[in-house]
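Let's have the full structure, built from the sequences with the hints guiding it.
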Amino acid sequence: MTAALAARNLGHAYGDVVALHGLDLEVPPGRIGLVGANGAGKTTLIKILLGILDPTVGNVEVLGADPAQDLITVRSRIGYMPEGECLPKDQTAADFISYAAELAGVPPRESRQRASDILTLVGLHEERFRYLGDFSTGMKQRAMLAQAIVHDPEMVFLDEPTAGLDPAGREEMLELISRLGEFGINALVSSHVLPDIEQTCDWVVMLDGGQVLRNGPLTGLTETGVVEVEVVDGIELLAAELQRMGVEIEEHGELLTITSSPGDPFLAARDALATTGLALRRLGSRSTTLEDIFLGEGTFDE
Amino acid sequence: MSDRTGVVFDLGYKPYEGERLGRSGAIRAMVKDGLRRSFGIRRKARKKIYPWSMVGLALLPAIVFVGLAFAIGTLAPDAESPWGGHPQYIGLVGTIIILFVASAAPNLLIPDREDGVLAVYSSRPMTAWDYILGRVGALAGVASAFFLIGNLIMYIGFAALDDDGFASALIGNLDDLAKVLLTMAAYVVGYGAPALLVSTYAKRVGPAAGTYLAIVFLSAPFAEMFRALDVPGSRYGTLISVLQHPEVVRNWVFGESQSDTPLIAVGFEPWVSAVIIAVIGVGTMYLMARRYRREL
Numbered sequence: 001m002t003a004a005l006a007a008r009n010l011g012h013a014y015g016d017v018v019a020l021h022g023l024d025l026e027v028p029p030g031r032i033g034l035v036g037a038n039g040a041g042k043t044t045l046i047k048i049l050l051g052i053l054d055p056t057v058g059n060v061e062v063l064g065a066d067p068a069q070d071l072i073t074v075r076s077r078i079g080y081m082p083e084g085e086c087l088p089k090d091q092t093a094a095d096f097i098s099y100a101a102e103l104a105g106v107p108p109r110e111s112r113q114r115a116s117d118i119l120t121l122v123g124l125h126e127e128r129f130r131y132l133g134d135f136s137t138g139m140k141q142r143a144m145l146a147q148a149i150v151h152d153p154e155m156v157f158l159d160e161p162t163a164g165l166d167p168a169g170r171e172e173m174l175e176l177i178s179r180l181g182e183f184g185i186n187a188l189v190s191s192h193v194l195p196d197i198e199q200t201c202d203w204v205v206m207l208d209g210g211q212v213l214r215n216g217p218l219t220g221l222t223e224t225g226v227v228e229v230e231v232v233d234g235i236e237l238l239a240a241e242l243q244r245m246g247v248e249i250e251e252h253g254e255l256l257t258i259t260s261s262p263g264d265p266f267l268a269a270r271d272a273l274a275t276t277g278l279a280l281r282r283l284g285s286r287s288t289t290l291e292d293i294f295l296g297e298g299t300f301d302e
Numbered sequence: 001m002s003d004r005t006g007v008v009f010d011l012g013y014k015p016y017e018g019e020r021l022g023r024s025g026a027i028r029a030m031v032k033d034g035l036r037r038s039f040g041i042r043r044k045a046r047k048k049i050y051p052w053s054m055v056g057l058a059l060l061p062a063i064v065f066v067g068l069a070f071a072i073g074t075l076a077p078d079a080e081s082p083w084g085g086h087p088q089y090i091g092l093v094g095t096i097i098i099l100f101v102a103s104a105a106p107n108l109l110i111p112d113r114e115d116g117v118l119a120v121y122s123s124r125p126m127t128a129w130d131y132i133l134g135r136v137g138a139l140a141g142v143a144s145a146f147f148l149i150g151n152l153i154m155y156i157g158f159a160a161l162d163d164d165g166f167a168s169a170l171i172g173n174l175d176d177l178a179k180v181l182l183t184m185a186a187y188v189v190g191y192g193a194p195a196l197l198v199s200t201y202a203k204r205v206g207p208a209a210g211t212y213l214a215i216v217f218l219s220a221p222f223a224e225m226f227r228a229l230d231v232p233g234s235r236y237g238t239l240i241s242v243l244q245h246p247e248v249v250r251n252w253v254f255g256e257s258q259s260d261t262p263l264i265a266v267g268f269e270p271w272v273s274a275v276i277i278a279v280i281g282v283g284t285m286y287l288m289a290r291r292y293r294r295e296l
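Going line by line, the protein sequences match chains V and H. Those letters in the first sequence? Residues 1 to 302, per the numbering used here, in order. Those letters in the second sequence? Residues 1 to 296, per the numbering used here, in order.
The hints are simulated quantities; they were obtained by calculation from the structure and are not laboratory data. Check the hints yourself; a few may be wrong.
[What the hints assert, rightly or not] Straight-line distance between alpha carbons at most 30 Å, and here's what the computed DSBU-like set of lysine-lysine pairs gives:
no., chain 1, residue 1, chain 2, residue 2
1, H, K32, H, K48
2, H, K203, V, K140
3, H, K179, H, K203
4, H, K44, H, K203
5, H, K47, V, K140
6, H, K179, H, K14
7, V, K140, H, K179
8, V, K89, H, K48
9, H, K179, H, K32
10, H, K179, H, K47
11, V, K89, H, K179
12, H, K48, V, K140
13, H, K44, V, K140
14, H, K14, H, K203
15, V, K89, H, K32
16, H, K14, V, K89
17, H, K32, H, K44
18, V, K140, V, K89
19, V, K89, H, K203
20, V, K89, H, K47
21, V, K89, H, K44
[To be verified] Some chain V residues well away from chain H (every beta-carbon gap over 10 Å; in silico):
no., residue
22, G39
23, D95
24, P167
25, M245
26, L255
27, G284
Beta carbons: idealized from backbone N, C-alpha and C, even for Gly.
Right under this line is the structure:
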């Protein structure tokens, strides 16, 4: 399967300031989270993927095509929702979304129909004849998403799609982003809000100081490999039994964590519970959050 | 009878599998959008007032000229019209074109940057050149329309009043139409390009319009000043007259007197103005490309 995005030894510098350095990536189709602190290189990477900036070194591929070499091919297959506003104040939503489709080559009649359909999809059907300058922040964000997908792109870049939204608006936007997969649209979601990425994406790319910190499926990233056991009474008995079986554990009050085991840690816990006859309250894998990983507090293994 | 009063259908998302028109479709869409924007079409009412006032002002002299020709022809068939024809009309409409493009050019370029709409263009199958062609095409279209419609009214109106008959007058005056088209190119480029150039770098519509008008209208007095200076090389200073280059070309094409034009008075040939207009046009496109390559 062709990678949705790929970068090889990618670097970009603004004069003496290095924004990206030696980036190597291969990302499968799906919903991809791009996370990183301010200045991590997220926006620079998106601009390179859009073909606005040329890499200083290395190259990228979007859906198998290099934007530096084949700009029109790449741009005919993508959509983009920028972080800031991108809506003309003096046009109605219907007119502008229809125009956005025409700019992608969709004929005028079909553009008007698609604009109407997409505005309905993002919940702006009633407001479609209102001027965009009169829209609230939430309505603007929806209109920006509408312009990004109205021409049916194969991949869409969403830069901080929940910025400025209230909790209800944020949830609705995340719901729409989660549905992009159903529509057959791959998405690169750039965000500071790590829970948003956890909620909507199945792959994550973490940037830090212009380099890749983590790149992998979200489930793998948040799995710690640590098993937690909690019993009703007699945690010391369980700890002793596990240690006798050669399992490495840590005790945290009434909670016991298995950090290393000769075999499957779940089987070890089951056998120890059977031997001691203790009543189980909870047995499960400990997962961490992207925030923990990003802040270096998680127990993530490379 | 059914007890259902309404059914909500979730139509979901429909992929688009129809025709795509590519870059040419995008440029056509931009030109159409530019025409609408310039005339305030599908915008709030206040956006329509200025451009349509200019349209009225541009057409009025043409209608008056034809009306006067009719009146003079009826009342005093042997008298010459004191108002003249195309060159005089172009002299009037030239000022209106300046006032129109002073508003149209900034409105075509600046809101795209100010409102962040360039980000949308950067995710469409087009290049910075396509964007420039779309916007320049729109301004050239509206300025040409301004210029042509009044001249066509006069061309057809004068032919209708001609004693030799309508059809023969239309054919006999075809050279006038060719001269109008040549002059139109000089006016559209000569006045449109500086407006685009100012709008390429200005941050707000109002100051851009003011700056453009100041450049155009103050260039003539400065040219007069250079003409009056008795310093070696000062004659070259008269070339800054952005206002007068299209007028020199008009007089050259229609064979009108050039005596009171500073550029001609200091010894320049009329073709110099045509070359300067071409240089302004090409230079504007180059600088626009440099500016927009950074964002598209």
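A quick look at each hint next to the structure:
no.	hint	verdict
1	H:K32 x H:K48	16 Å, holds
2	H:K203 x V:K140	23 Å, holds
3	H:K179 x H:K203	38 Å, violated
4	H:K44 x H:K203	22 Å, holds
5	H:K47 x V:K140	22 Å, holds
6	H:K179 x H:K14	53 Å, violated
7	V:K140 x H:K179	50 Å, violated
8	V:K89 x H:K48	15 Å, holds
9	H:K179 x H:K32	28 Å, holds
10	H:K179 x H:K47	34 Å, violated
11	V:K89 x H:K179	41 Å, violated
12	H:K48 x V:K140	25 Å, holds
13	H:K44 x V:K140	19 Å, holds
14	H:K14 x H:K203	40 Å, violated
15	V:K89 x H:K32	18 Å, holds
16	H:K14 x V:K89	28 Å, holds
17	H:K32 x H:K44	18 Å, holds
18	V:K140 x V:K89	10 Å, holds
19	V:K89 x H:K203	16 Å, holds
20	V:K89 x H:K47	12 Å, holds
21	V:K89 x H:K44	11 Å, holds
22	G39	20 Å, holds
23	D95	6 Å, violated
24	P167	24 Å, holds
25	M245	53 Å, holds
26	L255	45 Å, holds
27	G284	36 Å, holds
In this structure, the earlier hints numbered 3, 6, 7, 10, 11, 14 and 23 are contradicted, and the remaining ones agree with it.
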